[in-house]
Amino acid sequence: MKKNHRRTSDPLSQTAHPCPPRQLQDDHGMGTLEIVILIAALLALALIFNRQIQSFATSIFQKVFNGGSILNQIGGY
23 MKKNHRRTSD
33 PLSQTAHPCP
43 PRQLQDDHGM
53 GTLEIVILIA
63 ALLALALIFN
73 RQIQSFATSI
83 FQKVFNGGSI
93 LNQIGGY
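Start counting at 1 in the sequence shown, then tack on 22, and there's your number in the working numbering.
The set of hints was computed from the structure by calculation and includes no laboratory data.
A hint or two may mislead.
25 Å max Cα-Cα, derived SDA-like pairs, lysine to any residue [to be verified]:
(1) Lys-85 / Gln-74
(2) Lys-85 / Ala-62
(3) Lys-85 / Asn-72
Taking CB as the label site, the calculated pair distances span [as the list claims (entries may be wrong)]:
(4) Asn-88 / Glu-56: 38 to 48 Å
(5) Ser-81 / Asp-49: 37 to 47 Å
(6) Phe-83 / Val-58: 30 to 40 Å
(7) Gln-84 / His-50: 26 to 36 Å
These numbers come from a predicted model, not from an experiment.
The beta-carbon is built from N, C-alpha and C at its ideal position, and this holds for glycine as well.
With the hints as constraints, model all of the structure from the sequences given.
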């Protein structure tokens with residue numbers, strides 16, 4: 023059974039597409055692709071700024087735990 027397609031004034035609708043229109047509008051799997059791209063970007067940033075991240079984390083832990091004195095006060099160790 024052949025469907026009747028209406029012609030529109032959109033110039034892209036009149037050109038030949040290498041993919042059928044259904045595949046152009048199919049977004050199945052886009053969520054997975056976005057997550058993979060996000061993880062790759064975060065890994066790249068972590069590799070680029072490795073030393074800065076380590077020094078930042080070390081300074082935060084030193085300020086929070088203050089050389090172990092807070093743990094000694096809380097736990098009585």
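Status of the hints after comparison with the structure:
Straight-line distance between C-alpha atoms of Lys-85 and Gln-74 comes to about 17 Å, which keeps the hinted pair within the 25 Å bound. Restraint check for Lys-85 and Ala-62: the C-alpha separation of about 31 Å exceeds 25 Å, so the hint is violated. A threshold of 25 Å between alpha carbons decides the hint, and for Lys-85 with Asn-72 the separation of about 20 Å falls inside it, so the pair holds. The beta-carbon spacing between Asn-88 and Glu-56, approximately 41 Å, falls within the hinted interval of 38 to 48 Å.
Hint check: Ser-81 to Asp-49, Cβ distance near 43 Å, so the stated range 37 to 47 Å holds. Between Phe-83 and Val-58 the beta carbon distance is about 31 Å. The supplied range of 30 to 40 Å therefore holds. For the pair Gln-84 and His-50, the supplied restraint of 26 to 36 Å is violated, since their beta-carbon distance comes to about 48 Å.
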